[in-house]
Amino acid sequence: MQVGDAMSATTEPTPPTRVGGVIEVGRFEIDLEVAVVDGREWFCCPVGGKRCGRVLVDFGVMGLDCMAWHVQHVHFACLMGV
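Residue 8 in full-length UniProt numbering is what sits at position 8 of the sequence shown, and the numbering runs on without skipping anything.
Derived by calculation from the structure, the hints in this document are not laboratory data. Please note that a few of the clues may not be correct.
Unchecked claim - Per label pair, the in silico range of CB-to-CB distance:
#, residue 1, residue 2, range
1, R40, G81, 28 to 36 Å
2, W69, V34, 15 to 23 Å
3, A77, R40, 30 to 38 Å
4, A35, D65, 12 to 20 Å
5, G81, K50, 18 to 26 Å
6, G39, G81, 32 to 40 Å
Because the structure is a prediction, the values reported are computed rather than measured. In this text, a Cβ means the ideal position worked out from N, Cα and C, and glycines have one as well.
With the sequences and hints as input, model every part of the structure.
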């Protein structure tokens with residue numbers, strides 16, 4: 001058994017990673033919608049959209065990390081179809 005096989009057997013979600021304007025949560029790669037608020041561009045929650053209202057974060061590495069964390073911890077059940 002390889003290390004990757006042991007990791008895939010767990011039920012814990014994998015840590016989020018970021019790639020450009022896309023976040024990766026588990027096996028999902030999610031493009032982020034952008035909203036303009038007071039002339040600044042912000043990421044919208046990719047699951048709840050603008051109505052989620054919980055996370056609108058400024059562009060940047062920290063913003064991508066925060067959005068990935070939000071999706072993993074708030075909306076992971078939705079992504080898994082539970």
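**Report entry** Unmet hints by their number, sorted upward, for this structure
**Finding:** none
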